[in-house]
Amino acid sequence: MVLAALDPIFFGVLLDSVRFTPDTHIALVHGDGKLFMSVPALTDLVDHDQARPGCFFDQHKSSGQAVSVFVGTACHPGAAKMMAFHTVQPSQPGMDKPLVVSVTRDMSAIYANWRREMTEMGWIYGGLSLVLCSCLLFYQQRRRVFQRLAHVNESALRASDARLRSFFEATPDALLISDAHGSITMANRQVESLLGYSMADLLGKSIEALVPVRFRDKHLTMRDGFVAAPDTRQMGKGVTARALRKDGSECDVEISLSRIETDDGIFFASALRDITERLQADEKIRELAFYDQLTGLPNRTLLSDRLKQAISASNRSGICSALVLIDLDYFKTLNDTLGHDIGDLQLKQVATRLSTCVRECDTVARVGGDEFVVILAGLGSSEVEAATDTKAVVAKILAALNQPYQLGEVFHSSSASIGITLFQDQRVSMDDLMKQADLAMYRAKDAGRNAMRFFDPSMEAVVVKRVAMEKDLRHALNSNQFMLHYQAQVEGAGRVTGAEVLVRWLHPERCMVPPNDFIALAEETGVILALGHWVLETACSQLEQWGQLPGLAHLTLAVNVSALQFAQADFVEQVMTVVQRTGANPLHLKLELTESLLVGNISDIIEKMVRLKSQGIGFSLDDFGTGYSSLSYLSRLPLDQLKIDRSFVSDALTNPDDAAIARTIIALAHSLRLGVIAEGVETDAQREFLAGAGCHAYQGYFFGRPLPVAEFEAFVRSH
Amino acid sequence: MSDRTVHTGTRRSLAEWLLCAVLLLSWGGYLGYSKHQDYDQIAFSEQTRLSNQALVIEKNLTSQLLSANRVLEGLLVELASVPSSKAAASTFNERLKLISDTLPGVSPILIINASGKIVHSSVASLLGFDASGRDYFQTALKRRRQNTLYVSAPFTSALGSTAISLVREITGA
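As they're listed, the protein sequences go chains R and S. Heads up: the first sequence is residues 95 to 813, going by our numbering. Heads up: the second sequence is residues 12 to 184, going by our numbering.
Each hint should be verified, as a subset may be incorrect.
As the list claims (entries may be wrong) - If you want the footprint, here are the derived chain S segments under chain R, 3+ residues with CB under 8 Å:
hint: 1; region: 18–32
hint: 2; region: 73–81
hint: 3; region: 89–98
hint: 4; region: 101–109
hint: 5; region: 116–129
hint: 6; region: 168–181
To be verified - In silico BS3-like links for lysine-lysine, alpha-carbon gap of 25 Å or less:
hint: 7; chain 1: S; residue 1: LYS97; chain 2: S; residue 2: LYS70
hint: 8; chain 1: R; residue 1: LYS191; chain 2: S; residue 2: LYS97
hint: 9; chain 1: R; residue 1: LYS191; chain 2: S; residue 2: LYS153
hint: 10; chain 1: R; residue 1: LYS442; chain 2: R; residue 2: LYS378
hint: 11; chain 1: R; residue 1: LYS312; chain 2: R; residue 2: LYS299
hint: 12; chain 1: R; residue 1: LYS402; chain 2: R; residue 2: LYS426
hint: 13; chain 1: R; residue 1: LYS191; chain 2: S; residue 2: LYS70
hint: 14; chain 1: R; residue 1: LYS539; chain 2: R; residue 2: LYS442
hint: 15; chain 1: R; residue 1: LYS485; chain 2: R; residue 2: LYS402
Just so you know, these hints were derived from the structure itself, not from any lab. Here the structure is a predicted model, which is why all the values come from computation and not from measurement. Glycine is no exception: its CB is placed at the ideal position from the N, C-alpha and C atoms.
Could you put the whole structure together from the sequences, leaning on the hints where they help?
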């Protein structure tokens with residue numbers, strides 16, 4: 095037999111040539127399962143039997159397939175393996191036993207990369223999952239933080255908005271917020287009540303809809319101007335405007351604007367305040383301030399304004415104007431007799447009549463109780479022409495005012511005294527014009543009323559003099575310019591019983607001022623109170639001095655008391671204080687009262703007289719017969735003496751009426767058991783007439799003129 | 012925050028977590044499926060690769076076996092004309108050695124007589140070696156079939172290496 099042995103070295107190289115991975119195990123196995131060789135080499139190859147039942151080799155052999163692949167651990171302890179078997183048994187030559195090639199790899203090696211990739215992928219997956227979850231968690235936490243912040247901000251915003259809305263609604267003004275295009279974005283409830291629009295109507299509406307049509311173009315232009323140049327208008331300063339209500343009516347509003355710049359653009363806040371009532375109140379105030387409530391005519395304030403304008407106009411144009419002062423005659427009597435209601439009715443009718451007598455451009459004003467003023471403007475450049483026109487108008491006024499008045503159920507006839515002053519281009523003040531017209535009016539009064547008078551510059555001279563005297567009069571008392579003269583009062587053949595105190599004013603420039611020139615002025619200005627007090631005190635001091643002197647101690651002094659003095663509530667206390675302070679004998683003091691004093695509250699007068707009388711002070715009724723005296727009151731007065739006025743004495747010898755009055759007075763005094771004294775006795779015939787009539791007390795130049803105290807004392811001593 | 016806001020926030024968070032879970036699971040599922048595909052693909056590819064490796068070896072081995080078989084058949088023919096002289100025997104041995112050296116993967120080549128003695132060998136040292144006890148000799152002797160190439164089980168050869176013998180019977184020798 096021929097034998098050829100297979101070279102294991104050669105086949106080792108062959109098997110190794112296809113082994114491409116370290117873990118690949120390639121074996122050549124005999125058909126009986128005996129391992130011939132393997133790469134890598136295994137120890138104990140011969141005994142290594144591959145044909146054990148259940149092994150992959152056995153399964154391959156049993157399958158009858160030339161090629162088989164198995165995966166697992168069957169008969170191969172340890173790691174799982176993949177084994178590929180290929181049977182080598184060519185048909186020629188006929189081999190009694192096949193050879194089997196097995197190629198094996200460990201499953202762990204096969205899937206090593208896969209497992210590594212799986213591991214890596216698992217890490218990546220896990221890592222990315224972790225990152226994703228962390229991101230989500232972080233995102234959710236951040237979102238919760240943001241939500242919390244947003245909630246806090248939203249709460250704060252809501253609270254702020256609520257406060258704003260609360261303020262917005264609480265304010266009494268109607269508030270609107272509009273954007274730069276004029277679209278309303280916000281409004282409060284007050285807008286509803288002011289303009290009648292509901293909130294739904296307003297939102298989104300153009301603010302021009304609230305502006306009356308005639309003002310819209312102007313408003314639009316202004317609004318665009320504000321947006322472009324907001325500094326051109328002062329924000330927050332109220333302006334008055336007209337607003338259009340939903341029902342088409344209009345109302346007066348005061349609008350304050352403020353500019354709001356936000357990220358959303360420029361807005362304007364408008365505060366609208368209904369000033370209808372305020373304007374009405376203003377109008378009412380103006381009316382109250384400038385118009386007389388009774389007649390509806392302009393009052394003194396408005397007259398001043400109109401007069402000022404008229405003066406300015408006349409100064410500029412040289413056109414004459416006239417100021418007419420109208421005073422109703424005996425209006426006070428009407429008030430006193432028929433009542434103020436009736437008087438008011440007449441004033442209203444006078445106002446109406448005056449208004450119908452003048453042009454519309456003229457002014458009729460009421461400046462006092464029954465005083466009216468008319469300004470006649472634009473009368474002409476000639477003073478004569480102006481005076482003629484004025485006279486015509488004033489004549490018309492006089493005629494109108496002379497017409498009877500229907501005052502309720504009473505017909506009343508009245509008249510007026512009118513003073514007129516013209517003004518053209520002379521620089522005169524309003525007060526001066528009023529004084530001029532006043533003077534002219536008094537001149538008309540003096541002329542018997544129901545008359546007109548133009549102002550004459552001589553009137554002004556009198557006034558100027560009067561004003562200067564008033565000023566000097568006030569100064570005189572403090573400068574000891576007054577002095578007392580004493581005119582003797584005698585009885586019978588010439589026994590001096592006393593004197594009447596007569597005040598004299600020794601003016602440093604005007605020398606001796608007669609009492610008639612300043613007593614009336616002193617009464618008008620109230621200086622008479624201080625002056626009367628000084629006279630009383632001086633007279634009482636003199637009485638006290640005379641009381642210490644033999645031959646003079648019996649003298650009495652008659653001191654004149656004005657009505658104004660006597661009307662003082664503390665007059666009695668003043669007299670008593672003076673008497674007590676000077677120490678004069680009240681029995682030697684006699685107060686001379688005038689009849690005009692008795693017009694007042696007679697009960698009060700009697701009460702004061704009684705109180706003084708109780709202290710020993712006597713009373714003489716001066717100028718008796720010249721005024722109005724109620725005989726019934728006369729009997730109630732605690733008088734001591736009646737004094738016959740000089741007018742009756744001087745004419746008694748020539749005028750039978752005056753003589754009769756004088757006799758009557760003397761008889762009256764006797765019947766009332768009063769003393770009687772005649773003043774102004776200048777002749778012996780007068781004295782004899784009076785003596786014949788029963789009057790034995792006299793005062794007058796026939797016995798002695800008023801003398802200073804020293805001369806009077808000498809006069810007394812000489813008699 | 013109001014209860015409503017808290018409730019809304021919780022629901023939204025849960026929805027987000029649910030979405031995240033679905034996303035991760037979907038992604039994980041896709042990856043798992045993909046890797047499973049890879050796993051199968053690797054198994055298939057490896058099976059193919061191992062089969063191809065085995066196929067390459069089988070082709071090579073088959074070629075070697077066919078070559079060895081032809082050599083053995085040729086030697087069978089040639090052996091009939093070899094004189095019985097020593098010189099001829101020696102020349103024949105030299106020729107065996109030449110063939111053995113030329114033919115890769117086959118060594119040694121032996122001619123064994125019916126009693127199991129090696130009468131010709133490509134390796135001189137093996138001449139005269141008694142192989143009658145060898146399994147391959149016994150198998151061939153028992154079966155006695157021509158045109159059969161006996162493949163022995165692996166054994167340790169007289170040269171000390173593991174070998175598989177390819178044996179052809181010589182008829183009429």
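Going down the list of hints, with the structure as the test:
no.: 1; hint: 18–32; result: holds (count 5)
no.: 2; hint: 73–81; result: holds (count 6)
no.: 3; hint: 89–98; result: violated (count 1)
no.: 4; hint: 101–109; result: violated (count 0)
no.: 5; hint: 116–129; result: holds (count 8)
no.: 6; hint: 168–181; result: holds (count 11)
no.: 7; hint: S:LYS97 - S:LYS70; result: violated (40 Å)
no.: 8; hint: R:LYS191 - S:LYS97; result: violated (36 Å)
no.: 9; hint: R:LYS191 - S:LYS153; result: holds (15 Å)
no.: 10; hint: R:LYS442 - R:LYS378; result: holds (20 Å)
no.: 11; hint: R:LYS312 - R:LYS299; result: holds (18 Å)
no.: 12; hint: R:LYS402 - R:LYS426; result: violated (30 Å)
no.: 13; hint: R:LYS191 - S:LYS70; result: holds (17 Å)
no.: 14; hint: R:LYS539 - R:LYS442; result: holds (22 Å)
no.: 15; hint: R:LYS485 - R:LYS402; result: holds (22 Å)
Violated hints, listed in ascending order, are 3, 4, 7, 8 and 12; each of the other numbered hints is respected by the structure.
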